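Residue numbers (the numbering used here), protein chains in the order written: chain S, 1 to 352; chain G, 1 to 352; chain B, 1 to 352; chain D, 1 to 352.
For the record, the hints were derived by calculation from the structure and aren't laboratory data.
It should be emphasised that the depicted structure is a prediction, and the values quoted were computed from it without experimental measurement.
Do not take every clue at face value.
Heads up, the list lumps identical chains together, so a pair's fine if it works in one copy or across two of them.
What the hints assert, rightly or not - For lysine-lysine, the following DSSO-like pairs were computed, each having C-alpha atoms within a straight-line distance of at most 30 angstroms: (1) LYS97 x LYS206; (2) LYS53 x LYS250; (3) LYS206 x LYS44; (4) LYS22 x LYS164; (5) LYS97 x LYS4; (6) LYS22 x LYS53; (7) LYS250 x LYS164; (8) LYS140 x LYS250; (9) LYS44 x LYS97; (10) LYS164 x LYS97; (11) LYS221 x LYS164.
Residues per chain, in single letters:
Number of protein chains: 4
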Amino acid sequence: MSEKLGVGVLGATGAVGQKFIKLLEGHPWFEVREVAASERTAGKRYADAVSWKQTSPIPPSVRDLEVQPCTPNLRSRIFFSGLDASIAGEAEEDLAKSGKIVLSNSRNHRLDEDVPLIIPELNADHLDLIPVQRAKRNLKGGAIVTNSNCSTMFLAMALGPLHKEFTVERVFVVTMQAVSGAGYPGVPSLDILGNVIPYIGGEEEKMEVETRKILGSFNGKGIDFADFAVSAQCNRVAVEDGHTEAVSVKIRRRTTPDEIAELWRSFCSVPQALGLPSAPEHPIVVMDSQDRPQPRFDVNICHGMSTIIGRIRLCPVLDFKFVLLGHNTIRGAAGASILNAELLKARGFLQS
Amino acid sequence: MSEKLGVGVLGATGAVGQKFIKLLEGHPWFEVREVAASERTAGKRYADAVSWKQTSPIPPSVRDLEVQPCTPNLRSRIFFSGLDASIAGEAEEDLAKSGKIVLSNSRNHRLDEDVPLIIPELNADHLDLIPVQRAKRNLKGGAIVTNSNCSTMFLAMALGPLHKEFTVERVFVVTMQAVSGAGYPGVPSLDILGNVIPYIGGEEEKMEVETRKILGSFNGKGIDFADFAVSAQCNRVAVEDGHTEAVSVKIRRRTTPDEIAELWRSFCSVPQALGLPSAPEHPIVVMDSQDRPQPRFDVNICHGMSTIIGRIRLCPVLDFKFVLLGHNTIRGAAGASILNAELLKARGFLQS
Amino acid sequence: MSEKLGVGVLGATGAVGQKFIKLLEGHPWFEVREVAASERTAGKRYADAVSWKQTSPIPPSVRDLEVQPCTPNLRSRIFFSGLDASIAGEAEEDLAKSGKIVLSNSRNHRLDEDVPLIIPELNADHLDLIPVQRAKRNLKGGAIVTNSNCSTMFLAMALGPLHKEFTVERVFVVTMQAVSGAGYPGVPSLDILGNVIPYIGGEEEKMEVETRKILGSFNGKGIDFADFAVSAQCNRVAVEDGHTEAVSVKIRRRTTPDEIAELWRSFCSVPQALGLPSAPEHPIVVMDSQDRPQPRFDVNICHGMSTIIGRIRLCPVLDFKFVLLGHNTIRGAAGASILNAELLKARGFLQS
Amino acid sequence: MSEKLGVGVLGATGAVGQKFIKLLEGHPWFEVREVAASERTAGKRYADAVSWKQTSPIPPSVRDLEVQPCTPNLRSRIFFSGLDASIAGEAEEDLAKSGKIVLSNSRNHRLDEDVPLIIPELNADHLDLIPVQRAKRNLKGGAIVTNSNCSTMFLAMALGPLHKEFTVERVFVVTMQAVSGAGYPGVPSLDILGNVIPYIGGEEEKMEVETRKILGSFNGKGIDFADFAVSAQCNRVAVEDGHTEAVSVKIRRRTTPDEIAELWRSFCSVPQALGLPSAPEHPIVVMDSQDRPQPRFDVNICHGMSTIIGRIRLCPVLDFKFVLLGHNTIRGAAGASILNAELLKARGFLQS
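Use the sequences and the hints to build the structure in full.
Rendered as structure tokens:
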């Protein structure tokens with residue numbers, strides 16, 4: 001058996017679960033040894049239970065795993081959760097109580113006072129909420145660590161360096177989100193071919209709140225949310241992968257588009273310093289061409305782990321406007337959880 | 001011969017020109033008797049010169065017209081211009097000088113001090129610029145009257161009643177624009193399938209300036225632009241017809257989403273009062289469903305002549321946000337010019 | 001109350017059911033007075049039960065109808081059935097037994113020996129199966145009359161005149177079918193954006209068999225299927241409405257593409273002779289342009305009730321090849337049932 | 001300077017030219033040292049002349065090359081030609097006359113009696129036409145070697161092993177082709193969104209003839225075309241990359257779908273035996289799932305160099321039907337030329 005840490009995937013047959021399995025194939029630290037899903041598929045061989053929608057085949061080491069039910073009886077210590085929000089809340093909590101560390105993609109616990117909502121480049125220190133969480137919930141070795149909503153991820157990544165350097169005061173964001181963000185089967189083709197759906201349930205609220213928690217500061221007991229207003233409008237468009245966002249910001253300190261571009265280009269942080277395996281070389285990539293980034297051409301830059309920014313310019317209403325793009329199912333979901341797990345390991349939280 | 005006014009169409013083989021011909025079929029006041037286009041097609045029968053891209057056939061009365069070159073020798077008095085901006089400037093001016101009235105879709109003269117930029121529901125009184133224009137340019141009976149850029153049209157229509165009632169102070173708008181807005185052949189399929197293009201040349205500037213001219217006031221000699229800031233971000237999406245816009249506004253007077261909705265619903269103006277043939281019964285349609293309007297389902301409401309608004313709600317950064325939709329090639333282009341011509345006729349400007 | 005015949009719609013909240021309600025709005029003979037759907041929605045107001053996906057609003061006369069369960073207790077005598085095949089078989093049979101006339105879109109009874117599978121232009125005489133059916137099933141006034149699978153409809157329409165005139169011997173057909181053919185939610189967008197799905201469950205078998213029943217002949221007791229082989233390959237493509245089919249045929253008598261085109265152009269039959277309200281003026285429309293028909297531009301010709309054919313040319317393997325197009329949810333589904341009902345009425349089958 | 005063979009790319013700024021440059025990046029044998037294009041761009045730096053549409057950046061070694069005009073003055077000995085057919089004929093011939101070896105993607109010379117139309121897995125021996133060509137055209141060291149039309153490539157690949165083993169007698173094929181096959185800007189988005197275009201100029205003729213040349217046999221002086229009829233119908237669909245083809249074949253010897261599947265699965269040929277760098281491990285990949293292959297998910301199997309086949313089953317009209325898929329701009333264009341060049345090198349044709 002390899003020296004790697006065995007991990008489990010919750011919701012393993014779903015869209016996010018599949019992406020976990022794909023991204024963890026050949027991972028230097030982790031190895032998927034357990035897959036769990038709904039009662040309906042429990043007991044089946046993974047390859048028989050899943051409607052595999054990735055472009056590469058099911059990793060051979062996972063094909064024959066027997067799908068387990070999502071109960072605390074699971075054997076792994078570390079779990080990546082792609083569970084649907086309708087069941088994630090309780091299931092993840094039960095696992096944490098039985099000593100498991102759960103890396104969750106679901107919205108259920110993100111805003112819990114004692115649950116860290118982590119983007120390693122921005123708030124690695126929020127992991128200090130783990131002892132708070134363990135004390136409060138009486139967890140023995142278990143923990144829930146969350147990553148943000150997919151659209152929030154890229155917005156927060158762009159705002160993080162700005163906020164640190166210039167203090168963000170107001171943010172406008174309009175998203176044009178890919179259909180893969182809605183999972184599978186997700187958005188019916190009749191709803192999106194030749195169409196824009198100007199509404200994604202709960203998404204605007206998530207962006208308006210999660211961003212402020214991520215960019216908030218740990219005060220020893222909890223997180224003081226960042227003190228700026230975010231206004232989000234979220235739209236679904238006929239794109240397979242990649243959320244595009246049109247952003248406008250007001251900041252306190254005066255600066256220029258060039259200075260902001262340079263700040264983003266040179267941005268490097270904890271995951272890069274620690275050499276985490278999934279850390280993108282450039283967390284933020286700035287493109288110069290006036291009509292980029294575009295999801296179809298740019299979404300896979302740095303293996304889908306970067307936030308791509310372009311069109312930085314003055315805004316007649318706030319201070320600056322720009323366009324950003326990120327891969328919603330990689331950096332915006334499964335890849336984010338994996339990077340969080342790598343941070344946990346590097347920081348010693350995964351030792352038993 | 002009918003009692004109708006004969007009109008000519010400039011750029012008759014292009015996308016906007018075709019739409020003029022389609023919309024004018026069976027028009028109660030106007031009849032297309034002359035079609036003009038580039039030298040390359042001049043002399044051909046219209047049906048042979050055009051690559052007809054409308055869903056109904058070429059009107060029989062137009063099929064056999066001989067395509068004319070765009071020169072002042074054209075016979076009609078009234079012209080609808082779908083000319084490309086690269087040639088519209090001079091061609092339209094030459095026609096005006098020779099006594100023609102040109103209803104122009106092109107950007108070239110929209111911001112000329114003496115050229116009215118008209119949306120009949122909002123600024124019918126700006127037609128009073130015509131005598132100014134004639135005096136200044138020494139025109140004998142000729143005139144250039146413009147309608148706005150397509151994206152601007154719907155934004156201005158939404159803002160008009162708001163501005164009159166509550167005074168608009170700031171506007172933030174992000175568009176998701178249909179490919180038909182780029183004409184034909186326009187956007188290559190390889191650029192837009194599964195993609196968003198976050199840039200449309202010159203579009204943001206048009207929205208930021210034209211809106212303020214339209215909602216400005218005539219001071220006897222020219223237009224005092226409306227005094228509010230607009231910030232626009234324009235995107236192309238894989239939609240055939242219909243521009244969707246996510247808007248946020250700050251207004252001076254306090255109000256509520258319900259009051260705004262009611263204001264829009266009950267909005268009626270000059271074209272409705274005059275019973276202009278192309279006037280939509282409801283210039284603004286407000287939809288209640290939380291995920292509407294959507295271009296694929298709603299773009300043809302009121303024959304594509306209305307502005308459709310939904311999701312009116314509070315904005316954490318400015319005051320209110322909402323989504324709007326309009327048919328870019330009908331109300332946003334050819335239909336707008338036709339409505340302007342109807343207004344001109346009703347106001348007596350078309351008498352010779 | 002109007003003089004119209006009251007009718008019911010089964011599966012009224014589904015995609016086909018909605019299309020029935022839309023197409024029957026303002027119908028000169030029929031009026032929807034009853035809507036039935038699954039137990040889950042029974043008891044609700046129609047407007048509350050349905051997720052309406054048509055581009056025009058729910059007809060006012062239907063909005064407030066209470067959704068009924070699909071049982072023989074329904075009051076109408078005539079039913080249009082858009083029921084899912086999983087339940088249509090028994091439900092339609094029960095209704096027929098209780099004296100109802102069911103116009104069915106479902107595959108369940110199409111191949112029953114005693115059930116007519118009708119395309120009024122091709123086999124109106126197959127209605128003579130109704131007395132056979134009533135005798136065999138001991139029905140008192142009730143009956144089941146079916147229309148074909150959507151892809152089969154257009155193929156049969158093209159083959160019908162050919163078979164009568166020249167005797168069809170072999171048929172090869174490859175379809176490119178719209179997503180609306182799969183109902184709602186139907187095809188997930190992740191499966192079809194930028195994709196072709198080369199498989200539609202059961203569709204090829206339907207085309208290969210139903211075509212031969214439709215073009216068969218009534219022998220006094222049943223239908224002798226037409227004696228030619230059909231080979232079908234069915235694909236789903238990213239088109240909203242309109243099935244395109246590439247067809248090649250071998251026929252017995254020698255002829256030319258021009259003669260075939262003329263045969264199709266001049267084809268008129270029972271529904272046109274009877275002046276049925278939904279009968280297209282031209283059951284078959286032949287287009288000359290070498291790149292037509294195309295679903296996006298041509299699917300609504302003759303209100304979606306025609307079969308559009310183009311590119312008639314010699315085939316190096318069989319005799320002729322051509323392309324055809326039809327509106328799958330109008331002539332290929334709801335419109336077909338309505339035309340069948342009109343035929344029934346004209347032939348006196350709807351008198352009580 | 002590296003030990004690699006320097007090569008030039010003709011039509012280097014076009015869609016196929018870009019693909020050559022991308023696929024040749026890091027090639028073990030060849031290195032792009034010269035780029036040629038139209039007069040309009042000649043003299044510019046490549047990065048400035050090109051509108052680069054690949055998902056990875058321009059290779060650094062090519063960025064700064066100066067674009068040359070397409071004349072015999074070019075320095076390289078080996079050229080990959082992505083020239084448009086409107087100029088390829090003469091330009092390629094001129095280069096051959098001046099001693100260059102031209103690997104051509106263009107249709108112009110494919111059917112010349114003395115020009116090999118090569119698919120290395122199927123007819124490597126057709127390279128023996130080169131001496132015939134040199135003699136006939138009085139070429140000193142130069143030669144034109146062509147690869148097939150993109151749609152033909154995959155059909156020929158599927159038919160090759162069948163023909164050798166069972167003797168193909170008749171072939172039906174209907175294609176659903178990606179927009180990238182039309183180059184850039186290529187298909188306007190207004191023509192293909194939500195649409196099928198049932199016509200691609202010249203494509204059907206190419207498939208019907210080229211297939212028979214490729215599978216023909218060299219008789220010492222020329223090629224005896226394979227003696228079977230092909231009937232092709234070609235359609236454009238809204239897919240970015242990957243041509244899907246529905247095929248039906250009649251063969252002389254009796255066999256079963258399983259036997260055919262096994263024949264294809266085990267097919268290996270010259271490029272695999274020679275270990276050519278671009279040779280796919282499996283020239284033909286057979287998929288078992290009933291709804292595959294699909295372009296969006298399967299087009300990149302074996303780096304886009306394989307032909308993917310599925311749904312092998314009996315055909316009621318001919319003998320067998322199946323679906324195939326191939327990457328039109330890789331194996332169907334640039335990758336095919338590169339594999340041909342590798343074969344030429346392995347066979348000693350590139351020694352000076």
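Consistency of the hints with the structure:
1. LYS97 x LYS206: Answer is within: at 26 angstroms inside a copy they meet the 30 angstroms cutoff, but 55 angstroms across does not.
2. LYS53 x LYS250: Intra 41 angstroms, inter 34 angstroms, cutoff 30 angstroms: neither.
3. LYS206 x LYS44: neither (35 angstroms within a copy, 33 angstroms between copies)
4. LYS22 x LYS164: Neither: 34 angstroms inside a copy, 40 angstroms across copies.
5. LYS97 x LYS4: Within one copy only: 24 angstroms inside, 62 angstroms across.
6. LYS22 x LYS53: both (10 angstroms within a copy, 27 angstroms between copies)
7. LYS250 x LYS164: both (14 angstroms within a copy, 28 angstroms between copies)
8. LYS140 x LYS250: The answer is neither: 44 angstroms in one copy and 51 angstroms across copies each exceed 30 angstroms.
9. LYS44 x LYS97: within (27 angstroms within a copy, 44 angstroms between copies)
10. LYS164 x LYS97: Answer is neither; intra-copy 36 angstroms and inter-copy 60 angstroms both fail.
11. LYS221 x LYS164: within (22 angstroms within a copy, 51 angstroms between copies)
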